[in-house]
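Guided by the hints, dock chain B onto chain A, whose structure is given.
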Amino acid sequence: MPQRIFITGFGIISCIGNNIEEHLESLLQSKPGTGRVHYVDTYLKNELLVGEVRKTLEELFTLAAIPPTDGYSRNALLGIIAAREAFVNGRMNNCRELKTGLISATTVGGMDRCENYYSDFLTNDSRNAYIDSYDCADSTEKIAGLLGISDFVTTISTACSSAANAIMLGARMIRTGRLDRVLAGGCEALTKFHLNGFNALKILDKNPCRPFDQNRAGINLGEGAAYLVLESGESLGKTGNTPLCELVGWGNACEAFHQTASSPDGTGAYLAMKKALELSGLAPEDIDYVNAHGTGTDNNDLSEGRALEKLFGNRMPLVSSTKPFTGHTTSAAGSAEAILSIMCLQHQVAWPNLNFQERIEELSFSPVEKLMTNIPVNVVMSNSFGFGGNDTSLIFKKVNADIL
Amino acid sequence: MTNTPVYINGLGSVSPQKALLVEPLFFEANQLRCADPGYKEFIPAEMIRRMGRIIKMGVTASKLCLRDAGSSSGSNMEREIIPQAIITGTGLGCMEDTEKFLTSMIRNKEEFLTPTSFIQSTHNTVAGQIALLIKCHGYNFTYVHRGVSFESALLDAMTQFEMGELSDALVGGTDELTVNSFAITSRLGYWKRKPVDTKNLLDDRQRGTIAGEGATFFFLENYQNEHTYARLMGVTTFLKPASEKEVSKRVHDFLATAGLTTNDIDLVFMGLNGNPRTDQVYKFLAGKDFADTPLAYFKHLCGEYHTASAFAAWLAAQVISTQLVPGAVCLKSSPKSTIYEHVLIYNHFMGNNHAFILLSRP
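Chains A and B supply the protein sequences, listed in that same order. Take the first sequence: its position 37, counted from the start at 1, is 37 in my numbering, and no numbers get skipped. Take the second sequence: its position 204, counted from the start at 1, is 204 in my numbering, and no numbers get skipped.
Chain A with its partners taken away, still in its complex shape (with noise of 0.2 angstroms):
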């Protein structure tokens, strides 16, 4: 019998909450995040509308409850906050002779403070403490460290579908025996360097985005850092932890079209989210609500739609995207997406797309307009794709008390 694994903790930081409740409360209120940029000392201010979260350096220190200290970068201490309060939900100080891994995920890594200090890294010694906080592995090593997490410990890297690569790979970790508990998520701050990647892709809204409508324009982007606690049976034995609920279900692959678009008919997106359901054991009818990666941009919401369509038929499940909510989080979003997707199976509820108006031509279905409240949802999917055509959805499950 493979070993089954279960979430039982996570955390979160995104424009819409510093925590989880603060998600919670956002998310029942319909009340998104994003605004004109604040916190980036871009050129593009006042154009763009992006999801901050609200604190400067300082104040992330003193949330991270760590000393200001030179080496740190914005996205470390989004990683440390969102890790932190995983970890102490999924009470992972306890049973510490469990093997142990920290998976996390990143892309522009630390990037915010190197865009700054570039110049000095090449002229003079003031910065040097910021170089080796450039790379992706910083934050996870800072989070590790931190935690005290050392029997595994890696960083991925696949653009925008990389944190949902995490907890997929922390699944297989615990599957194959190698671990007994995975703490697996992603985090991203802004940067201007991502901001002007983006702006030259002209894909960038600069209105509040609208996934999934007829006259989308593109994406607003967002920034955060969501951690969930992976745990085999066995774990929860020794725990005692009460399972959130259980990851079914994992599926990736790619594109292998185009570098940076989707393509027309969504093969991806469809293989990922098949691959997914047959490891679930599930039917496609069993999902009730899938939160879409929907960034809002022409390409990703047309091709996703048809991969929906083409696995879902005509018995389309409840759909939204939350990333009018909360921007478009990249590396973060695959694993701050699956915690609002959880939340769902928590509380019985579907997230709205927010603005939307009107459906897309090409498509026979509209995602989730308003709040969904009461409703029955045992199984929830969650996609996030990324450059390179790289495309993975999860699919969780509530877990019915008989079977503990």
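One or more of the hints may lead you astray.
Among chain A residues calculated to face chain B with C-beta under 10 angstroms, some are [stated by the list, open to error]:
hint : residue
1    : V108
2    : Y134
3    : S162
Think about it this way: if two alpha-carbon atoms lie no more than 30 angstroms apart in a straight line, the pair counts; the simulated BS3-like pairs of lysine-lysine are [said to hold, decoys possible]:
hint : chain 1 : residue 1 : chain 2 : residue 2
4    : B       : K135      : A       : K202
5    : B       : K135      : B       : K109
6    : B       : K100      : A       : K202
7    : A       : K45       : A       : K274
8    : B       : K194      : B       : K245
9    : B       : K288      : A       : K99
10   : A       : K397      : A       : K274
11   : B       : K240      : A       : K99
12   : A       : K238      : B       : K240
13   : A       : K45       : B       : K283
14   : B       : K135      : A       : K274
15   : B       : K63       : A       : K274
16   : B       : K249      : A       : K55
17   : B       : K100      : A       : K206
18   : B       : K109      : B       : K63
19   : A       : K206      : B       : K249
20   : A       : K238      : B       : K249
21   : A       : K310      : B       : K194
22   : A       : K99       : B       : K249
23   : B       : K109      : A       : K202
24   : B       : K245      : A       : K99
25   : B       : K194      : A       : K45
Covered stretches of chain A, going by a simulated chain B footprint (3 or more residues, C-beta under 8 angstroms) [what the hints assert, rightly or not]:
hint : region
26   : 41-54
27   : 121-127
28   : 174-182
29   : 245-259
30   : 267-275
31   : 315-328
32   : 385-391
These aren't lab readings, by the way, just hints derived from the structure by calculation. Think of the CB as a built atom: it goes at the ideal place given N, C-alpha and C, for glycine as much as any other residue.
Same frame as chain A, now just chain B:
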């Protein structure tokens, strides 16, 4: 360790070396770079111009690997391989494109930017481009954890072989050295200030080591064929060990999971790089746990970089298949004739990220 069969059935490498096993190259340098291995043969001309160097190196090494695997099926027909998965590791990813976008952003005060170098700056560009070029829709992952990026990729593949999710995979490590990344990391004392004769790298007393780069790929399959190089037995990684003794304990624990002891190891590839401070732990193991074991080293041939252990695994696989240790890597040879049954790689990056890889005779 794994009980599931995982065989190395194809190899491909782009490194500062050209024909290492025939004629190793030595340099007077503190940084080693890969020469153009003939990208034209592997990448469409219109793409070569746009691609960053690491992408070209990675794509070429991966194609060499698939070609090698394809030619080893026994018949005269080459088999065209589309792997079920592409899994790569890279410490710093696409530095050239990252620097290009960053520099033009700073210089032009965020105006007039074109997206090409941004698109190619993401760490998964190499894996994505390989998939794109060979039309591979399978699993696609990139690990970016400093000195264990390549090992993470190997481990990932092993978990999927064990779960029966994969029966083959293309796994590799890629890193590129740029002028700026060398200059910047020099501030941290990573590199020797003056060029050294790489032949005598281990005797150099300057602090630091020599920088390097490379792209190395492996085609893994769950069955053995007549061209199988070696069997991948196990991989483990650990972060910042407290002492040399801890490393020693970990190597025994690691081997024990395969029912082996240090006496069963016929050759150890060590990541010695001529940095007196960080070489100490290798010397500790060489003197204690592997006192009677033949030793090999490799960083004088490829330089130090985050995925240098992939280069060592490439060498180790060939030692097992040819049963010969190239003179250029031999540090301590065996007094008697040895059958290279089990070859261990022990490597760490700057003393922080440590890993063991065990390859065995199929």
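Now for the hints, and whether the structure bears them out:
{"no.": "1", "hint": "V108", "in the structure": "holds, 9 angstroms"}
{"no.": "2", "hint": "Y134", "in the structure": "holds, 8 angstroms"}
{"no.": "3", "hint": "S162", "in the structure": "holds, 8 angstroms"}
{"no.": "4", "hint": "B/K135 x A/K202", "in the structure": "holds, 27 angstroms"}
{"no.": "5", "hint": "B/K135 x B/K109", "in the structure": "violated, 38 angstroms"}
{"no.": "6", "hint": "B/K100 x A/K202", "in the structure": "holds, 19 angstroms"}
{"no.": "7", "hint": "A/K45 x A/K274", "in the structure": "violated, 41 angstroms"}
{"no.": "8", "hint": "B/K194 x B/K245", "in the structure": "violated, 33 angstroms"}
{"no.": "9", "hint": "B/K288 x A/K99", "in the structure": "holds, 28 angstroms"}
{"no.": "10", "hint": "A/K397 x A/K274", "in the structure": "holds, 16 angstroms"}
{"no.": "11", "hint": "B/K240 x A/K99", "in the structure": "holds, 17 angstroms"}
{"no.": "12", "hint": "A/K238 x B/K240", "in the structure": "holds, 27 angstroms"}
{"no.": "13", "hint": "A/K45 x B/K283", "in the structure": "violated, 55 angstroms"}
{"no.": "14", "hint": "B/K135 x A/K274", "in the structure": "holds, 19 angstroms"}
{"no.": "15", "hint": "B/K63 x A/K274", "in the structure": "holds, 29 angstroms"}
{"no.": "16", "hint": "B/K249 x A/K55", "in the structure": "violated, 44 angstroms"}
{"no.": "17", "hint": "B/K100 x A/K206", "in the structure": "holds, 26 angstroms"}
{"no.": "18", "hint": "B/K109 x B/K63", "in the structure": "violated, 39 angstroms"}
{"no.": "19", "hint": "A/K206 x B/K249", "in the structure": "violated, 57 angstroms"}
{"no.": "20", "hint": "A/K238 x B/K249", "in the structure": "holds, 26 angstroms"}
{"no.": "21", "hint": "A/K310 x B/K194", "in the structure": "violated, 62 angstroms"}
{"no.": "22", "hint": "A/K99 x B/K249", "in the structure": "holds, 17 angstroms"}
{"no.": "23", "hint": "B/K109 x A/K202", "in the structure": "holds, 18 angstroms"}
{"no.": "24", "hint": "B/K245 x A/K99", "in the structure": "holds, 20 angstroms"}
{"no.": "25", "hint": "B/K194 x A/K45", "in the structure": "violated, 45 angstroms"}
{"no.": "26", "hint": "41-54", "in the structure": "holds (count 3)"}
{"no.": "27", "hint": "121-127", "in the structure": "holds (count 3)"}
{"no.": "28", "hint": "174-182", "in the structure": "holds (count 3)"}
{"no.": "29", "hint": "245-259", "in the structure": "holds (count 8)"}
{"no.": "30", "hint": "267-275", "in the structure": "holds (count 3)"}
{"no.": "31", "hint": "315-328", "in the structure": "violated (count 0)"}
{"no.": "32", "hint": "385-391", "in the structure": "holds (count 5)"}
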